[in-house]
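**Student:** Single-letter residue listing:
Protein chains: 2
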Amino acid sequence: MDNINKPIQSVTIKSTQDLGSFVRTFRVAQKMTQADISGLANTGNRFIVELENGKPTVQLQKVLDVLDTLGLEMVIQRKGRY
Amino acid sequence: MDNINKPIQSVTIKSTQDLGSFVRTFRVAQKMTQADISGLANTGNRFIVELENGKPTVQLQKVLDVLDTLGLEMVIQRKGRY
DNA sequence: TCACTTAATTACCGTTAGGTAATATTTTCA
DNA sequence: TGAAAATATTACCTAACGGTAATTAAGTGA
Numbered sequence: 001m002d003n004i005n006k007p008i009q010s011v012t013i014k015s016t017q018d019l020g021s022f023v024r025t026f027r028v029a030q031k032m033t034q035a036d037i038s039g040l041a042n043t044g045n046r047f048i049v050e051l052e053n054g055k056p057t058v059q060l061q062k063v064l065d066v067l068d069t070l071g072l073e074m075v076i077q078r079k080g081r082y
Numbered sequence: 001m002d003n004i005n006k007p008i009q010s011v012t013i014k015s016t017q018d019l020g021s022f023v024r025t026f027r028v029a030q031k032m033t034q035a036d037i038s039g040l041a042n043t044g045n046r047f048i049v050e051l052e053n054g055k056p057t058v059q060l061q062k063v064l065d066v067l068d069t070l071g072l073e074m075v076i077q078r079k080g081r082y
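Those protein sequence lines, which keep their order, are chains Z and S. The numbers in our numbering rise by one with no breaks, and the one at position 50 of the first sequence is 50. The numbers in our numbering rise by one with no breaks, and the one at position 51 of the second sequence is 51.
It is worth saying that the hints were derived from the structure and are not from the lab. Heads up, none of these hints are tricks.
Which copy? The list can't say, so a pair holds if one copy fits it or any two copies do.
Lysine-lysine pairs mimicking PhoX-like chemistry, simulated, CA-CA at most 20 Å apart:
no.: 1; residue 1: Lys79; residue 2: Lys31
no.: 2; residue 1: Lys79; residue 2: Lys62
no.: 3; residue 1: Lys14; residue 2: Lys62
Could you build the full structure based on these sequences and the hints that come with them?
**Tutor:** See the structure below:
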């Protein structure tokens, strides 16, 4: 599939790596720095680094804060929808 | 809106409370106990209790494990989609 | 190439997540 | 209503989250 120039609709998160990679890609696409996010989301730079690198133990509320800062939201659904 | 007997398609998670409430409701609908989940997801019962009660600091990977056990998946998307 | 920006690492450290196991409380239903 | 099942709480404990601040490394653009 050709995803070039195709706006992202949604990404299924199967692992913390998936989330980290997506957050990084999306952040960069928004031309934001890690410092921008950590400032807006009231976290340390360290948290952003760890999140983007897929740390499994990041805390949920902080993740939600970062997603909100990026204009993203989390959805739960049954497996296999598309 | 009448949601009775309407299969859940997706739930937007704006807070850890949202997630906890949804997990509980879904688990009960599946006729599973907390012990069932904690067994299958390799966590303690304590984690399930805390997750369902909306603890903000639950760790992401464990949440993903529980969702997987329930046949659910996490999706990230831009805000405001429906 | 070199200066500047951004990202990553490290040390320090108080707080706490969450496992287990025991106990208590609440819910369920025959 | 009473016993069993399910959920919640507690104590004990180790590992480690994540903030700050300083430092280092990596990336970028003129």
